[in-house]
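Asks: For reference, the chains in residue letters:
Number of protein chains: 2
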Amino acid sequence: MSNIKTVEGGVTAAKGFKAAYTEAGIKYENRKDMAMVFSETPCVSAGTFTSNVVKAACVQWDMKIVKSDKPMHGMVINTGIANACTGKEGFDACEATAGAMSDKLGVPVDSIAVGSTGVIGMQLPVDRLIMGVNDLCDKLDSSLENGTNASIAIMTTDTVNKEYAVQFELDGKTVTLGGMSKGSGMIHPNMCTMIALLTSDIAIEKSLMQEAVSEVIADTFNMISVDGDTSTNDTFILMANGLAGNEKITSKDKNYEIFKEALMTVCRYLARKMASDGEGATKLFTARVYNARSKEEAKILSRSIISSSLSKAAIYGCDANFGRFLCAMGYSGVDFDQTKVELFFRSSVGTLQVFKMGVPLEFDEEYATKIMSDKEVIVDVDMHDGEAEAEAWGCDLTYDYVKINADYRS
Amino acid sequence: MSNIKTVEGGVTAAKGFKAAYTEAGIKYENRKDMAMVFSETPCVSAGTFTSNVVKAACVQWDMKIVKSDKPMHGMVINTGIANACTGKEGFDACEATAGAMSDKLGVPVDSIAVGSTGVIGMQLPVDRLIMGVNDLCDKLDSSLENGTNASIAIMTTDTVNKEYAVQFELDGKTVTLGGMSKGSGMIHPNMCTMIALLTSDIAIEKSLMQEAVSEVIADTFNMISVDGDTSTNDTFILMANGLAGNEKITSKDKNYEIFKEALMTVCRYLARKMASDGEGATKLFTARVYNARSKEEAKILSRSIISSSLSKAAIYGCDANFGRFLCAMGYSGVDFDQTKVELFFRSSVGTLQVFKMGVPLEFDEEYATKIMSDKEVIVDVDMHDGEAEAEAWGCDLTYDYVKINADYRS
Numbered sequence: 120m121s122n123i124k125t126v127e128g129g130v131t132a133a134k135g136f137k138a139a140y141t142e143a144g145i146k147y148e149n150r151k152d153m154a155m156v157f158s159e160t161p162c163v164s165a166g167t168f169t170s171n172v173v174k175a176a177c178v179q180w181d182m183k184i185v186k187s188d189k190p191m192h193g194m195v196i197n198t199g200i201a202n203a204c205t206g207k208e209g210f211d212a213c214e215a216t217a218g219a220m221s222d223k224l225g226v227p228v229d230s231i232a233v234g235s236t237g238v239i240g241m242q243l244p245v246d247r248l249i250m251g252v253n254d255l256c257d258k259l260d261s262s263l264e265n266g267t268n269a270s271i272a273i274m275t276t277d278t279v280n281k282e283y284a285v286q287f288e289l290d291g292k293t294v295t296l297g298g299m300s301k302g303s304g305m306i307h308p309n310m311c312t313m314i315a316l317l318t319s320d321i322a323i324e325k326s327l328m329q330e331a332v333s334e335v336i337a338d339t340f341n342m343i344s345v346d347g348d349t350s351t352n353d354t355f356i357l358m359a360n361g362l363a364g365n366e367k368i369t370s371k372d373k374n375y376e377i378f379k380e381a382l383m384t385v386c387r388y389l390a391r392k393m394a395s396d397g398e399g400a401t402k403l404f405t406a407r408v409y410n411a412r413s414k415e416e417a418k419i420l421s422r423s424i425i426s427s428s429l430s431k432a433a434i435y436g437c438d439a440n441f442g443r444f445l446c447a448m449g450y451s452g453v454d455f456d457q458t459k460v461e462l463f464f465r466s467s468v469g470t471l472q473v474f475k476m477g478v479p480l481e482f483d484e485e486y487a488t489k490i491m492s493d494k495e496v497i498v499d500v501d502m503h504d505g506e507a508e509a510e511a512w513g514c515d516l517t518y519d520y521v522k523i524n525a526d527y528r529s
Numbered sequence: 120m121s122n123i124k125t126v127e128g129g130v131t132a133a134k135g136f137k138a139a140y141t142e143a144g145i146k147y148e149n150r151k152d153m154a155m156v157f158s159e160t161p162c163v164s165a166g167t168f169t170s171n172v173v174k175a176a177c178v179q180w181d182m183k184i185v186k187s188d189k190p191m192h193g194m195v196i197n198t199g200i201a202n203a204c205t206g207k208e209g210f211d212a213c214e215a216t217a218g219a220m221s222d223k224l225g226v227p228v229d230s231i232a233v234g235s236t237g238v239i240g241m242q243l244p245v246d247r248l249i250m251g252v253n254d255l256c257d258k259l260d261s262s263l264e265n266g267t268n269a270s271i272a273i274m275t276t277d278t279v280n281k282e283y284a285v286q287f288e289l290d291g292k293t294v295t296l297g298g299m300s301k302g303s304g305m306i307h308p309n310m311c312t313m314i315a316l317l318t319s320d321i322a323i324e325k326s327l328m329q330e331a332v333s334e335v336i337a338d339t340f341n342m343i344s345v346d347g348d349t350s351t352n353d354t355f356i357l358m359a360n361g362l363a364g365n366e367k368i369t370s371k372d373k374n375y376e377i378f379k380e381a382l383m384t385v386c387r388y389l390a391r392k393m394a395s396d397g398e399g400a401t402k403l404f405t406a407r408v409y410n411a412r413s414k415e416e417a418k419i420l421s422r423s424i425i426s427s428s429l430s431k432a433a434i435y436g437c438d439a440n441f442g443r444f445l446c447a448m449g450y451s452g453v454d455f456d457q458t459k460v461e462l463f464f465r466s467s468v469g470t471l472q473v474f475k476m477g478v479p480l481e482f483d484e485e486y487a488t489k490i491m492s493d494k495e496v497i498v499d500v501d502m503h504d505g506e507a508e509a510e511a512w513g514c515d516l517t518y519d520y521v522k523i524n525a526d527y528r529s
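Residue numbers (my numbering), protein chains in the order written: chain A, 120 to 529; chain B, 120 to 529.
If we strip away everything but chain A, and leave its shape as in the complex, we get:
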């Protein structure tokens, strides 16, 4: 870990990546609503996509690109309209958008990924998209500021932009990995959440990069939930152009492990940031299940806790109503013996045990409320049944979640 250090920036932190943003008026006027990332040097790519059967047109477009062995050069993203449930017209919009970028920058159309996020079941205004693409191509720039503005341009109901970058050494060469993500509602990833685009100058074989991505996503983006709704548009893409000059990683050696560690660091940061910025959220709600029989079970249990509406409402109300957390574990599908379970509430204020081996403990309600009033509240569950552990991240359920979503389209 000590080898991996945080650096400034996001998608433009790594060598050779440019970004741009613009106001294209896709759905609203006077609002940044398009972003572009581009590498002139061809990139290998890896990605994971929503498991929702109803996949947005752009997700289907991107899956083809990431699965092919052809190089990737960039991605263009719009907010406002998700281009999901849009039939053939939706696919044509993807082709037109990627096509405009391809024409302008002189790269193949199938080297350009397309991301959309917003209302489902509405057609994109293709003329405005293409005007936006042309504008973006003109503005491409490798400054950190442009990277940050790109991450701001892809926000929808997000209240903070989400970007992060790290650097690490491989054989004396400095490698940079950074990225941006967006997502606040319809977040219950069964792959990853909403849109995340990472860039790196590392040199690595495509198949190995995909393996690392799949493994890391499973422990980061796939472990967060805001509202139990798995989006039609979830997209995670990592592009790497090799400009760091490290010896290309071609096996699971020490350098591969360092890269995976760095990827875990960036993804974990962005995933937690996304959970804590869940629609209407006032705090980050973490569940850690340990001493479980298997990692799979620990994951199911921790996800069930942070996904429960009643647990989330209790977190909002700073109410140590631990029965709801046990209840959520109970219906998760994992079989366990409650008489072996211990449950703790934890935050920077302190730790409080509330349940021990099948029996509720008496506790100081005032102290419990104090612990739960912190910005991050952690539920620790000791299963006493094995050695596996997992962590999941969510947020509290608030009036504002309802407010935001009762009238999202208007």
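Take the hints with a grain of salt, since some may be wrong.
A pair counts as met if it fits within one copy or between any two copies, since identical chains are not told apart.
When the alpha-carbon atoms are kept at most 20 Å apart in a straight line, the in silico DMTMM-like pairs for lysine to aspartate or glutamate are as follows [as the list claims (entries may be wrong)]:
(1) Lys475 - Glu506
(2) Lys146 - Asp483
(3) Lys459 - Glu208
(4) Lys371 - Asp290
(5) Lys373 - Asp499
(6) Lys207 - Glu461
(7) Lys325 - Asp372
(8) Lys379 - Glu510
These are computed hints drawn from the structure, not numbers from a lab.
Once you've looked at the hints, dock chain B against the given chain A.
Replies: Coordinates of chain B only, in the frame set by chain A:
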């Protein structure tokens, strides 16, 4: 159907059943919080219980009773405390409660079911429970009014009491079937919801009654959801004492079918009532999926729609944001082709198609809002992929749901 008619009352509608209610001060003062139902004539019983691994002590107690071949005589229910996650002390409380009723009424202790609902992880005040039981035994009475008051006494966050009864003829004898139920939050049954107790004077073989119950529950109580949280306490029990004098049903003949139809009528009524009285709910939200490949798939799809937080928030906001409904179908686990799907919003105001064969339709937003402002909003989904259908019931997600649950224990 024409043979089955609605009659007044609930648990005391059938011959030979008495009920009572009292204020025992279990958790709050001056509030009806205990109810009892009793039949001097021994009853056969059938039931279904929560699939949550964390089962309340009373659920475990009742499962033993319903599974045994011994007759059942009654049930005593308290609100305020759920007697879940309470270890051995919780089991002892069940035995003490049933024991007090058994002593007082001269029936075996294992003929008495016990129901509890309320906060999880808190011990019951056994002394007050027993005083309550003694009081209830003194007050037992077969009036319809006592039945209604029993159904009021088991309410927690419920805003309306839920009881219903029907009569039908079997071989010239009038048979009555009635019951009560409660439940408003932590409702996402994987068996049935919270507590429902039905009584009948029908004569029927225990195993056949259980078969009918299992079948009917799957299409009624198991098809509702308020918040996705499957409770630790879900209990459904049907008691039948045979006093109607019909020839005992011992095979799946015409009379069995009539009984099943009547059971379906009562359970469907109570289930819908429960969904529309979900915590904070302002309306009933029904999803009907038809022309599906199998009933199982139709059930999964319709349940996924009414369980989605985003769909529920859209229903609250009267927003015909149909993409959220398709999205919920997409992550349900059922594989389907969105280009075959049609989607309609429907209420007593009218019907509006919004999606046809993979393509969104233009529609009049004002008319859509009018349709969705009704007390029951129905989403009709035509899969064009088979002949199976299913219906699921939920409610909208409102500020009040959050309010009720952020501070439930205080």
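Asks: Hint compliance check: list the failing hint numbers for this structure, sorted ascending.
Replies: 5
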